[in-house]
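Asks: Read off the chains here:
Protein chains: 2
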Amino acid sequence: MDGQDLKGSTVLSIKRLSRYLTHLRFLRKTGTKEGFSASQLGRDLCIHETQVRKDLALTGLEGRPKTGHSIEEAIEAIEKYFNIGDTSEAFLVGVGHLGTAILGYHSRKNSHPSGIKIVAAFDNDDSKIGKTIHGIKVLAIDKITDLSNRMHISIGIICTPPEAAQGIADMLVEGGVKAIWNFSPVGLTLPESIVLENSDIEQGAAFLKRRLTEQKRGKK
Amino acid sequence: MDGQDLKGSTVLSIKRLSRYLTHLRFLRKTGTKEGFSASQLGRDLCIHETQVRKDLALTGLEGRPKTGHSIEEAIEAIEKYFNIGDTSEAFLVGVGHLGTAILGYHSRKNSHPSGIKIVAAFDNDDSKIGKTIHGIKVLAIDKITDLSNRMHISIGIICTPPEAAQGIADMLVEGGVKAIWNFSPVGLTLPESIVLENSDIEQGAAFLKRRLTEQKRGKK
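Heads up: the sequence lines are chains A and B, in that order.
206 is the number that the numbering used here gives to position 206 of the first sequence; each next residue is one higher, with no gaps.
168 is the number that the numbering used here gives to position 168 of the second sequence; each next residue is one higher, with no gaps.
Please note that a few of the clues may not be correct.
Given that identical chains are not distinguished, each listed pair holds provided it fits within a single copy or across any two copies.
[Claimed, not checked] Once the Cα atoms are required to be at most 25 angstroms apart in a straight line, the calculated DSS-like pairs of lysine-lysine come out as: (1) K216 - K117; (2) K216 - K178; (3) K54 - K128; (4) K80 - K216; (5) K178 - K15; (6) K178 - K29; (7) K128 - K80; (8) K131 - K15; (9) K29 - K143; (10) K15 - K54; (11) K216 - K128; (12) K137 - K80; (13) K33 - K137; (14) K137 - K29; (15) K137 - K15; (16) K80 - K33.
The set of hints was computed from the structure by calculation and includes no laboratory data.
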């Protein structure tokens with residue numbers, strides 16, 4: 001199943017909740033001690049406070065008109081909503097610049113801020129195989145299926161060129177992964193039961209160009 | 001304005017149209033000569049054909065139940081919808097792995113598949129300043145505002161750590177950009193008139209974790 005099986009409103013809520021989480025962690029990191037209100041969070045992220053309240057309600061966080069929330073309890077509620085505490089192990093395939101960037105974020109020894117832990121990386125480039133990047137060993141592609149089965153990997157992250165993506169996806173599915181996170185700008189055909197998330201970075205460019213155009217035409 | 005000012009349905013249509021474009025270009029690249037039908041495209045991308053037709057209709061492409069479309073005319077229609085032909089010049093700030101990956105995609109001499117052309121990159125790391133990456137010169141951050149004004153840059157792409165993002169955004173806005181494409185996982189405060197697109201890669205992880213959880217619970 002792909003994002004499009006979720007209602008547009010749900011997709012936007014999840015998008016926003018992810019941004020709230022990032023922002024609240026940023027506040028915590030920068031030492032903000034006091035609590036926050038939905039209206040503050042809305043101001044920070046340019047989102048209407050009513051929307052913020054609705055989104056936070058999805059996580060079971062109860063509104064507190066007067067006192068507001070503590071940053072910690074809000075972070076916990078959103079992390080629980082995304083089931084981040086229950087870390088999923090992942091393989092990453094394609095260690096180019098994008099793959100390396102994602103590897104850097106999800107390979108950290110102790111913290112897995114998205115609940116995804118990359119435990120091995122794969123590439124078909126002999127100059128990369130055997131290297132260790134961000135503490136993760138780069139292995140040959142032909143090891144994907146067997147290792148994935150033996151290690152019970154649940155997520156496959158694909159950062160390969162489009163031509164290679166479907167073949168890699170098939171290896172990962174054969175290896176028993178439950179979800180594919182696809183950064184390769186191409187459509188993948190997968191069994192119904194596999195969760196598919198497409199993160200084609202270029203979609204952001206499409207939004208930008210479209211909205212710049214609408215703005216030129218004076219529309220919203 | 002940020003993505004959330006668009007209706008959820010519009011957001012999903014733009015997301016899908018961007019995927020259609022990528023997929024159709026992939027078909028063209030791999031030498032597919034014949035035309036395609038909405039149902040075929042739907043099958044390739046696991047999207048219901050009715051939805052595909054609705055989306056394509058937004059671009060003004062007329063449905064052809066019997067004959068289908070030529071790949072070329074569909075690519076043209078979607079490119080026109082995203083105004084890709086009218087290339088926008090951009091600055092990219094923060095040349096880490098992610099910045100370098102994006103640079104590689106948008107700096108190509110001749111083709112600018114998203115209608116965005118990065119003409120200069122910026123970093124505060126002396127070891128990077130002066131270097132040329134993917135044919136683009138890396139300059140010092142303090143040059144952003146002046147250069148952006150002089151070159152009439154329309155898009156600023158931010159790939160910096162979260163702590164730096166707002167300051168860079170302010171320099172870019174002072175430099176007269178019309179849009180900010182923010183890859184830094186933090187909320188930005190910008191004037192109403194500026195188009196803001198947040199492409200926090202970790203949002204994909206949030207979707208994945210949430211949907212894996214729903215699947216465990218046997219919900220959709």
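Asks: When Cα atoms must be at most 25 angstroms apart, do K137 and K80 count as within-copy, between-copy, both, or neither?
Replies: neither (30 angstroms within a copy, 44 angstroms between copies)
Asks: With identical chains treated as interchangeable, where does the CA-CA distance between K216 and K178 reach 25 angstroms or less: within a copy, between copies, both, or neither?
Replies: between (44 angstroms within a copy, 10 angstroms between copies)
Asks: Since the copies are identical, ignore which copy is meant and state whether K128 and K80 lie within 25 angstroms (CA to CA) inside a copy, between copies, both or neither.
Replies: neither (37 angstroms within a copy, 40 angstroms between copies)
Asks: 25 angstroms Cα cut-off: does K137 pair with K29 within a copy, between copies, both or neither?
Replies: neither (30 angstroms within a copy, 33 angstroms between copies)
Asks: I want to check one pair: K80 and K216. Are their C-alpha atoms no more than 25 angstroms apart within a copy, between two copies, both, or neither?
Replies: So K80 and K216 pass the 25 angstroms test across copies only (14 angstroms; inside, 42 angstroms).
Asks: Using 25 angstroms as the alpha-carbon threshold, which applies to K216 and K117: within, between, both, or neither?
Replies: So K216 and K117 pass the 25 angstroms test across copies only (19 angstroms; inside, 43 angstroms).
Asks: Between the shortest in-copy and the shortest cross-copy C-alpha distance, which are at most 25 angstroms for K131 and K15: within, between, both, or neither?
Replies: Answer is neither: 35 angstroms inside a copy and 36 angstroms across each miss the 25 angstroms cutoff.
Asks: Between K80 and K33, at a C-alpha cutoff of 25 angstroms, which is it: within one copy, between copies, both, or neither?
Replies: Answer is within: at 21 angstroms inside a copy they meet the 25 angstroms cutoff, but 49 angstroms across does not.
Asks: One pair to classify: K137 and K15, alpha carbons no more than 25 angstroms apart. Within, between, both, or neither?
Replies: neither (31 angstroms within a copy, 34 angstroms between copies)
Asks: Indicate which option fits the pair K54, K128 if close means a Cα-Cα distance not exceeding 25 angstroms: within, between, both or neither.
Replies: neither (47 angstroms within a copy, 44 angstroms between copies)
Asks: 25 angstroms Cα cut-off: does K33 pair with K137 within a copy, between copies, both or neither?
Replies: neither (39 angstroms within a copy, 41 angstroms between copies)
Asks: Given identical chains, is K178 near K29, meaning Cα to Cα at most 25 angstroms, within a copy, between copies, both, or neither?
Replies: neither (33 angstroms within a copy, 30 angstroms between copies)
Violated hints, listed in ascending order, are 3, 6, 7, 8, 9, 11, 12, 13, 14 and 15; each of the other numbered hints is respected by the structure.
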